[in-house]
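Read top to bottom, the protein sequences are chains A and B.
Heads up: the first sequence begins at 0 in numbering that gives the first Met the number 0, then just goes up one per residue.
Heads up: the second sequence begins at 0 in numbering that gives the first Met the number 0, then just goes up one per residue.
Please note: incorrect hints may appear among the correct ones.
[Stated by the list, open to error] Pairs of lysine-lysine residues, derived as DSS-like cross-links and limited to a Cα-Cα distance of at most 30 Å, are as follows:
1) A:Lys-22 / A:Lys-11
2) B:Lys-39 / A:Lys-418
3) A:Lys-467 / B:Lys-39
4) B:Lys-55 / A:Lys-22
5) A:Lys-74 / A:Lys-354
6) A:Lys-371 / A:Lys-319
7) B:Lys-39 / A:Lys-490
8) B:Lys-5 / A:Lys-74
9) B:Lys-17 / B:Lys-5
10) B:Lys-5 / A:Lys-490
11) A:Lys-319 / A:Lys-275
12) B:Lys-55 / A:Lys-21
13) B:Lys-183 / A:Lys-22
14) A:Lys-299 / A:Lys-35
15) A:Lys-354 / A:Lys-371
In short, the hints are calculated from the structure, not lab data.
Keep in mind it's a predicted model, so treat the numbers as computed, not measured.
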Amino acid sequence: MRSLIEAHNRVKDFDWEPSYAKKPTRYPTRYRIPAKTKDPFRHLIRDYLSMEEEKDNRQYGALEDALARSNAPAKAERRWMEIMKVALPVVNFGEYAAMKSTGQLVDTIENAELRQGYMAQMLDEVRHVNQEAYLTRYFARHAADPEGFAQGFKFRGTNLYNRAGRAALEGFFVGDPIEGALNLQVVAETAYTNPIFVAMTEIAAANGDQATPSVFLSIQSDEARHMANGYSTLAAVVSNPDNLAFLQADFDRAFWRQHAFLDPFLGAVYDYFQAKRTSSYGEKWNEWIHEDWVGCYIEKLAPFGLKVPRWYGEARERMKWIGHTAGLIGFATWPLQFWRFDPLTDADMEWFERKYPGWYGHYGAFWEEYRKMCDPRAGAVPLSLFQSLPPLCRVCQMPCVFPRPDVSTVRIKEHGGKKHAFCSEACEFIFDEDPQRYLGYDTFYELYDGYDLAEFVRENGLLRADGKTLIAQPSLDDERMWTIDDLAALKIEIKNPLREVGA
Amino acid sequence: MSLEAKAPRDFTYIRPRKRRLSEYEAVTCYTQPDPDVFDKQGWYLRSAEGRTAWRKESTRLRHPHWFDFRDPAGLWQRTYVRLQAEQERSLERAVEDAARAGAFADFEPTWVRELVGAHYRVWSFFEYGLFRCFAQAQRETLSDTLGNVYCFAGFDRVRHAQAIVIYLMDLEGQIEGFQDAGAKERWLGDPVYQPARRMTEELMAVDDWGELAVAVHLVVDPIFGEVGLSEMLRRHGPFHGDAVTPLVVSTAERDRRRNCDWTEELVRMVTAAEVPARDENRRIVGEWVARWTPRALAAAEALAPVHERIPRRLGTFREAVERASAAQAAIVAALEARSTEAA
Ligand SMILES: [Fe+2]
Ligand SMILES: [Fe+2]
């Protein structure tokens, strides 16, 4: 029998100091990482391959079984299935960004132990990219309404929530590779994969969707290793006290950037798209982020000088409303989206009031009005309930309406002769740290200012196969579906809200 | 026709290479965003140095739509992992069978010590260096279909590196007195391996993913890999009572063929008739081949003293190098011919 410990020692001894040619510094980092630390990855590639192969067989097999037995995807709650149209492309980019992140870590980090973990994670992330794309296609084939699944990654470029998702997840690999690891492994994977890949599967299952749990739980079985990568990376970082000077700021920024998108988004996904209701996102957040991640994980790092992220208190405070605000904005702007919305029922509203006391007082009126605008013959869209579209945050791309439209922390300021909006003090602070990092793109309003809603829909291909019915719909009512003509008749213009406001 | 009847039941945003969208294309294509494709707003984040997520300048090659690339093997993670798991299982079984059959007793002692122990083990450092090259290059490639072949090529390398190490550990358990020792010292200091190490370090310094694939798969593997692995180890093994080492080598050869195939496909793609920059691309590829050929030859030729240590040699070292070199030249010539035809 060969000794596994000895095998590990030998396969980690491939590093050498090059003397003939110097590798360029491709991804500059300010961090100094010790050359030898603990090994987060305790498998030989041979074992890793057979382990992953078996998991793949189980997971892809389960999808085929579900189909053969009962064509389950077609029978899942339609309200729930609709949100998978947007959730899958968002998460998929996270996986893709993670694959790129681990590639630059392999290049940058001169530590053979850590690199072992990054190596396997790189292939894991290809796995996750493929699994989620496969699931998206599976839904295109089998869900009750395939429109939106069939065009999955195409709409990522122009969709409100997908754009914000991309903005947060680019943080995995654009910048200092260690800052990327903080965003990816320490925050996104350690804090947020539990609510995404574990807790969300409870809701999926309760709503008749068996496919998502089999894929997500299989993904999550890789995440324990990625969390270990994050912990080992962090332990290596804090072992050199010189790193602490910038670690806290990078960690603060990483947490806020992930929170600013993920929490409002996940809040809306969980709470506004379950038909058979189970727990709320607020409850899951408390369990996984507050108790588990902050309470156990980050606490353990306190002796090394790492503190709870700077804006954590504010984030926790915001948790009460941001999911509802994101939900409200999503429903209010439904013609801009590529999935369908199911108006809240009285029973839903009771659930909200129970889970989030005070909810009705702030949001109830909107939902009462919304219900009246689902039928195209009513001739109104819920956007008309608002004076203007909200500005979008220069940093996180989220609408500047948080935590709640009536007490929004939006701020507007001039920079480089242009007005910019920020959703919060934190996003403004992050911008001020290094503005050029956030200025290299055209804003949504720069691209679409002056467009009629119908023109936006047409240009972005948000129409069904008949060329006239909208992919997005304000309800699940198949008898009364909105067409491009219904929308065009309303003559609603996309206006850049920053044009009017003074700085 | 009802709305439902017309609804698309498959992805509508990917143009299939063949008649129908393949599983490979469905789970791979357009997972990488691009402002020239669907993401017209551009990149939302820059690094402190001002770079964006992806950059056109990451290669000197130019192509209007990198997303058109298709891996001829059509691999995605599941099929890739299955393929490599099978290869690794076959090695595990080969060693087990050889041990049960007592076949290790037939291994010629000098062969095992000098070729398998001393030479093959050094190869794992070369492979690991290339793993780092491709892991980094996959980060930069300008489409998802390219990113995946680079990622798999990197993984191929580290798999082979580990397979060598595990195999030698198995030999330690099977062959009295056999020891895996001193490989790193040889890699670092033995003149026989210095041109190879120099070449590896120079590859690690290459900052163009197009160049990396052309250099490694069209030049270094066919010359240096063919001489050092195929000629010296695979061909000679059976004549020294060793049927197992050739099997380990053949898994790497299988990977090598696959990587050569997609790199040829990449070259064909950038020199295709409809590509505006095809002439410039062809010139650049030619430049890369010219740059790396002498390096690969030097690395291969330096192995002559190792060849001398093979107890029962099949022909001379010079012949081996010439065979490899001619076969490599034929690969390049065939590509040249096709791309000139296209122009
Ligand atoms: Fe992942
Ligand atoms: Fe923001």
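The hints, checked one at a time:
For the hint pairing A:Lys-22 with A:Lys-11, the CA-to-CA distance comes to about 20 Å; that is within 30 Å, so the pair holds. Proximity of B:Lys-39 to A:Lys-418 is assessed by CA-CA distance (about 21 Å); at most 30 Å being required, the pair is judged to hold. With a CA separation close to 24 Å, the supplied pair A:Lys-467 and B:Lys-39 stays within the 30 Å bound. The straight-line distance between the Cα atoms of B:Lys-55 and A:Lys-22 is roughly 21 Å, inside the 30 Å bound, and the hint therefore holds.
For the proposed pair A:Lys-74 and A:Lys-354, the alpha carbon gap of about 28 Å is at most 30 Å, so the pair holds. At most 30 Å may separate the alpha-carbon atoms for a hinted pair to count; A:Lys-371 and A:Lys-319 meet this at roughly 27 Å. Only pairs whose Cα atoms come within 30 Å are accepted, and B:Lys-39 paired with A:Lys-490 is accepted, the gap being roughly 25 Å. The straight-line distance between the Cα atoms of B:Lys-5 and A:Lys-74 is roughly 20 Å, inside the 30 Å bound, and the hint therefore holds.
Only pairs whose Cα atoms come within 30 Å are accepted, and B:Lys-17 paired with B:Lys-5 is accepted, the gap being roughly 23 Å. In summary, the hint linking B:Lys-5 to A:Lys-490 is supported, as the alpha carbons are separated by about 29 Å, within the 30 Å threshold. In summary, the hint linking A:Lys-319 to A:Lys-275 is supported, as the alpha carbons are separated by about 22 Å, within the 30 Å threshold. Of the pairs offered as hints, the one joining B:Lys-55 and A:Lys-21 holds, with about 24 Å between alpha carbons and a cut-off of 30 Å not exceeded.
For the proposed pair B:Lys-183 and A:Lys-22, the alpha carbon gap of about 20 Å is at most 30 Å, so the pair holds. For the given pair, A:Lys-299 sits about 22 Å from A:Lys-35 by alpha-carbon distance, which is consistent with the 30 Å threshold. For the suggested pair A:Lys-354 and A:Lys-371, the alpha carbons sit about 25 Å apart, so the restraint of at most 30 Å is met.
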